[in-house]
Amino acid sequence: NFRQKVQQYKRESIFRTEGGHTFFIPVDEGFANNRAGLIDDYIIDGHVIPREVLFTTPTKKDSPFPTLANSDNVIRVIISFTQEQRDKTIINYVKSHTLFGDGKHPQGVVLAEIVKANIPVKNGVIHLIHKPLMIVDSTIKELLQVRVGFNHDLIEWFSITF
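Quick note on numbering: our numbering labels position 59 of the sequence shown as 59, and the sequence is numbered without any gaps.
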C-alpha cells in the first residue's frame, strides 16, 4: 500500500513536516493493476502540495498547484481540483498533470476521485483518493468511456480510433 511505499523510500518526513500542506493519500483499493510496483519517491512527492492547505469547497477549480515532485527540476507535476455533478451529487476529483517527465514518469494526466475529503491534521489537510496520482494508465478511449459515457458501439460506429 501507499504507506509501505512511503516507508520503503524513507519519505515519512514529508508527511510530518511542520506547516500547512495538502496531502493526497490513495486508498488500498487503488493499487489494482500493479500500481504499487510503479510508486517511487517522485510519485510519493507528487501527492503533496507544500505550503498550501487546500480544502475542496473553497479551492478554485482547475487552478494548478505545484507539488513536491518539482523540487529537483527533473520532473514537473501540478495538481488541481475539479468536480462534476451527477444528478444532485457533486463528485470531487484531483487531477495530476505531469508536464515534464522522464522514462519512468511519462507526461500525462491522472484523474482520481476524492473518496474522503478535508481531513484536518496538525500540519495541513488530507484527501483520500481512489488511486495513485502520476501513474498514467488510461487510454483516451478508456477515459472517454468512463468520464463521458461513450459506449463501445458509438465509438465503433463513428470509426474513432485511438
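Keep in mind the hints are simulated off the structure, nothing from the lab.
Careful, some of the hints might be misleading.
[Said to hold, decoys possible] Taking lysine-lysine pairs in the DSSO-like style, the calculated list, with each CA pair at most 30 Å apart, reads:
1. K122 x K5
2. K104 x K10
3. K104 x K122
4. K61 x K131
5. K95 x K131
6. K95 x K61
7. K10 x K88
8. K88 x K61
9. K60 x K122
10. K60 x K131
11. K95 x K60
12. K131 x K88
13. K5 x K116
14. K61 x K116
15. K104 x K88
16. K60 x K116
17. K116 x K131
18. K104 x K61
19. K5 x K88
20. K104 x K5
21. K116 x K88
22. K95 x K122
23. K95 x K116
24. K122 x K10
25. K116 x K10
26. K60 x K88
27. K95 x K5
28. K131 x K5
29. K131 x K10
The hints, checked one at a time:
no.	hint	in the structure
1	K122 x K5	holds (22 Å)
2	K104 x K10	holds (19 Å)
3	K104 x K122	violated (33 Å)
4	K61 x K131	holds (20 Å)
5	K95 x K131	holds (11 Å)
6	K95 x K61	holds (10 Å)
7	K10 x K88	violated (42 Å)
8	K88 x K61	holds (19 Å)
9	K60 x K122	holds (23 Å)
10	K60 x K131	holds (22 Å)
11	K95 x K60	holds (13 Å)
12	K131 x K88	holds (24 Å)
13	K5 x K116	holds (21 Å)
14	K61 x K116	holds (17 Å)
15	K104 x K88	violated (40 Å)
16	K60 x K116	holds (19 Å)
17	K116 x K131	holds (12 Å)
18	K104 x K61	holds (29 Å)
19	K5 x K88	violated (37 Å)
20	K104 x K5	holds (16 Å)
21	K116 x K88	holds (18 Å)
22	K95 x K122	holds (24 Å)
23	K95 x K116	holds (15 Å)
24	K122 x K10	holds (21 Å)
25	K116 x K10	holds (26 Å)
26	K60 x K88	holds (20 Å)
27	K95 x K5	holds (21 Å)
28	K131 x K5	holds (14 Å)
29	K131 x K10	holds (21 Å)
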